[in-house]
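K.L.:
Each chain, letter by letter, is given below.
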Amino acid sequence: AQSVTQLDSHVSVSEGTPVLLRCNYSSSYSPSLFWYVQHPNKGLQLLLKYTSAATLVKGINGFEAEFKKSETSFHLTKPSAHMSDAAEYFCVVRKRQAGTALIFGKGTTLSVSS
Amino acid sequence: EPEVTQTPSHQVTQMGQEVILRCVPISNHLYFYWYRQILGQKVEFLVSFYNNEISEKSEIFDDQFSVERPDGSNFTLKIRSTKLEDSAMYFCASSASTDSGNTIYFGEGSWLTVV
Numbered sequence: 025a026q027s028v029t030q031l032d033s034h035v036s037v038s039e040g041t042p043v044l045l046r047c048n049y050s051s052s053y054s055p056s057l058f059w060y061v062q063h064p065n066k067g068l069q070l071l072l073k074y075t076s077a078a079t080l081v082k083g084i085n086g087f088e089a090e091f092k093k094s095e096t097s098f099h100l101t102k103p104s105a106h107m108s109d110a111a112e113y114f115c116v117v118r119k120r121q122a123g124t125a126l127i128f129g130k131g132t133t134l135s136v137s138s
Numbered sequence: 319e320p321e322v323t324q325t326p327s328h329q330v331t332q333m334g335q336e337v338i339l340r341c342v343p344i345s346n347h348l349y350f351y352w353y354r355q356i357l358g359q360k361v362e363f364l365v366s367f368y369n370n371e372i373s374e375k376s377e378i379f380d381d382q383f384s385v386e387r388p389d390g391s392n393f394t395l396k397i398r399s400t401k402l403e404d405s406a407m408y409f410c411a412s413s414a415s416t417d418s419g420n421t422i423y424f425g426e427g428s429w430l431t432v433v
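Just so you know, the protein sequences line up as chains A and B, in that order. Residue 44 in this note's numbering is what sits at position 20 of the first sequence, and the numbering runs on without skipping anything. Residue 329 in this note's numbering is what sits at position 11 of the second sequence, and the numbering runs on without skipping anything.
Check the hints yourself; a few may be wrong.
Taking lysine-lysine pairs in the DSS-like style, the calculated list, with each CA pair at most 27 Å apart, reads [as the list claims (entries may be wrong)]:
#1 B:375 with A:130
#2 A:119 with B:360
#3 B:375 with A:119
#4 A:130 with B:360
#5 A:93 with B:360
#6 B:360 with A:66
#7 B:396 with A:119
#8 B:360 with A:92
#9 B:360 with A:82
#10 B:401 with A:66
#11 A:66 with B:396
Across the chosen pairs, the derived CB separations fall in these ranges [as the list claims (entries may be wrong)]:
#12 A:52 with B:340: 33 to 39 Å
#13 A:32 with B:321: 27 to 33 Å
#14 A:54 with B:415: 16 to 22 Å
#15 A:65 with B:377: 27 to 33 Å
#16 A:52 with B:419: 15 to 21 Å
These are calculated hints, taken from the structure and not from any lab test. By construction, the Cβ of each residue, glycine as well, lies at the ideal position given by its N, Cα and C atoms.
So that you can see chain A by itself, here it is in the shape it has in the complex:
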């Protein structure tokens, strides 16, 4: 069965410094992986997705993630944090067989200070 583990429940950075949100996955076959973001009082917005094409995936707002099969990781990064990046981030894996359900990690709260 697939699962994802977000290694940090809360990450704090200063504006202009790099962001790293860590995610490890477990899957018996090549997974589809996603990062979603949830700003306060907003819905879940797709940041980026990996679907077995390029291992380095670029998303919106300057975020990117690298799929590393050897490490079973899909960490989310951004070179320079902005105040507007403060939100909840979810690493998500999609079931490949017998259904279409998304399996969410517990989420990482990103705080950005000035």
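Please arrange chain B on chain A, whose structure you already have, making use of the hints.
P.N.:
For chain B alone, kept in the frame of chain A given last:
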């Protein structure tokens, strides 16, 4: 950009009452979903719906829950007799297909409080 819309944004109901949460998926999408997030916990899959029938459901989605597409645009989640533990944010979502890389678009959620 097209979006999934949900109503109400927040509902308070008494235990044992029936609740209907409404969603308007993106117009050309064919697959519809409900997820929920209990405060402080993970977002959990409830049910997926295609071609006017449930295609997949989780063990959370018991007989108290039902879904319906009453017309060409709305998709509803009904909870027949609410319990305190049903208090959660409920997200509706839709997608154009079930290809593994296809994006699932989420609404802003309906916050249900059962008292």
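K.L.:
Let me make sure I understand: some of the numbered hints might not hold for this structure. Which ones are they, in numerical order?
P.N.:
No numbers; nothing is violated.
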